[in-house]
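Student: Numbering (the working numbering), first residue to last: 1 to 183.
Heads up, a few of these hints could be off.
Calculated lysine-lysine pairs in the BS3-like style (CA-CA distance at most 27 Å, straight line) [said to hold, decoys possible]:
hint, residue 1, residue 2
1, Lys80, Lys142
2, Lys119, Lys80
3, Lys123, Lys111
4, Lys117, Lys142
5, Lys7, Lys80
Simulated DEER-style distance windows between Cβ atoms [what the hints assert, rightly or not]:
hint, residue 1, residue 2, range
6, Tyr40, Ser110, 11 to 21 Å
7, Ala108, Gln44, 30 to 40 Å
8, Tyr40, Lys142, 17 to 27 Å
9, Asp32, Asp100, 44 to 54 Å
10, Ile84, Ser110, 13 to 23 Å
11, Gly176, Ile84, 14 to 24 Å
12, Asp124, Asp32, 30 to 40 Å
13, Leu96, Lys146, 31 to 41 Å
Please keep in mind that the hints were generated in silico from the structure rather than gathered at the bench.
Since this is a predicted model, take the numbers as computed values, not measurements.
Beta carbons: idealized from backbone N, C-alpha and C, even for Gly.
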Amino acid sequence: MQIAEQKLKSNIAEYILYMYQIEDVIRAYQMDLDMIMENYVSPQLPDSSFSGQYRKWYSALIMQMKSQGLEKSGHVTEIKEVMIELTYLHNTMLNLTDNDKYKNIYQAASKYLDEFKGKSDLKDRNHVEIAFNALYMKLLLKLQKKEISPESEEAFDSMRIMLAFLSRAYVRMKEGDLDFLNN
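Just need the whole structure built from these sequences, with the hints factored in.
Tutor: In structure tokens, the structure reads:
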């Protein structure tokens, strides 16, 4: 909960990847709040004084996921809305501004994004969503202690760089510091 709030303010890409993980944790515990608190949250808390806040946050997230039919897969509306904002920002920086740095970063990642798209079930998704899904897959592979080839590492790195640049631009946009006319 506190981690999510911190990431939401400072790094939107980390926030999205964190929330993907939290959604999967909730599904892994079959949306059972008591099991989540006992087996996942409580062992991570420095003391039990935070337990009530976390219980409330996870309970609200579970209710939201159930009401949106996300028991098996998918992401909560808030994440989808942020993804839409990031996609608009991505398209704006590519098509409406003279942001050559982002264009070059995106160009370096685009071949990997197309390759990942072709190998996945994300054929109807845009490159921003594909990058997030690829990096989440990398996170899962690391958690499973699976080896990642140097070629895959290069692909993931190009996507990470793209999302990092996009995330910084997103924070600036939200703060009103991003001038699309004068980059």
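Student: Against each hint, give a clear statement of whether it holds in the structure.
Tutor: So, going through the hints one by one against the coordinates:
1. A threshold of 27 Å between alpha carbons decides the hint, and for Lys80 with Lys142 the separation of about 25 Å falls inside it, so the pair holds.
2. Distance restraint check for Lys119 and Lys80: the Cα-Cα separation of roughly 23 Å lies within the 27 Å cut-off, and the hinted pair is therefore satisfied.
3. At most 27 Å may separate the alpha-carbon atoms for a hinted pair to count; Lys123 and Lys111 meet this at roughly 14 Å.
4. Taking the CA atoms of Lys117 and Lys142, the gap is near 21 Å; set against the 27 Å cutoff, the hint holds.
5. Only pairs whose Cα atoms come within 27 Å are accepted, and Lys7 paired with Lys80 is accepted, the gap being roughly 16 Å.
6. Hint check: Tyr40 to Ser110, Cβ distance near 37 Å, so the stated range 11 to 21 Å is violated.
7. For the pair Ala108 and Gln44, the beta carbons lie near 36 Å from each other, so the given range of 30 to 40 Å is met.
8. Take Tyr40 and Lys142: their Cβ atoms lie about 18 Å apart, and the range 17 to 27 Å holds.
9. Under the hint 44 to 54 Å, the C-beta atoms of Asp32 and Asp100, about 50 Å apart, fit the expected range.
10. Here the CB-CB span from Ile84 to Ser110 is close to 20 Å, well matched to the stated 13 to 23 Å.
11. Checking the proposed 14 to 24 Å range against Gly176 and Ile84 shows it holds: the Cβ atoms sit about 19 Å from each other.
12. In this structure the supplied range 30 to 40 Å holds for Asp124 paired with Asp32, their Cβ-Cβ distance being about 32 Å.
13. For Leu96 paired with Lys146, a C-beta distance near 40 Å keeps the hint of 31 to 41 Å intact.
Checked against the numbered hints given earlier, this structure breaks only hint 6.
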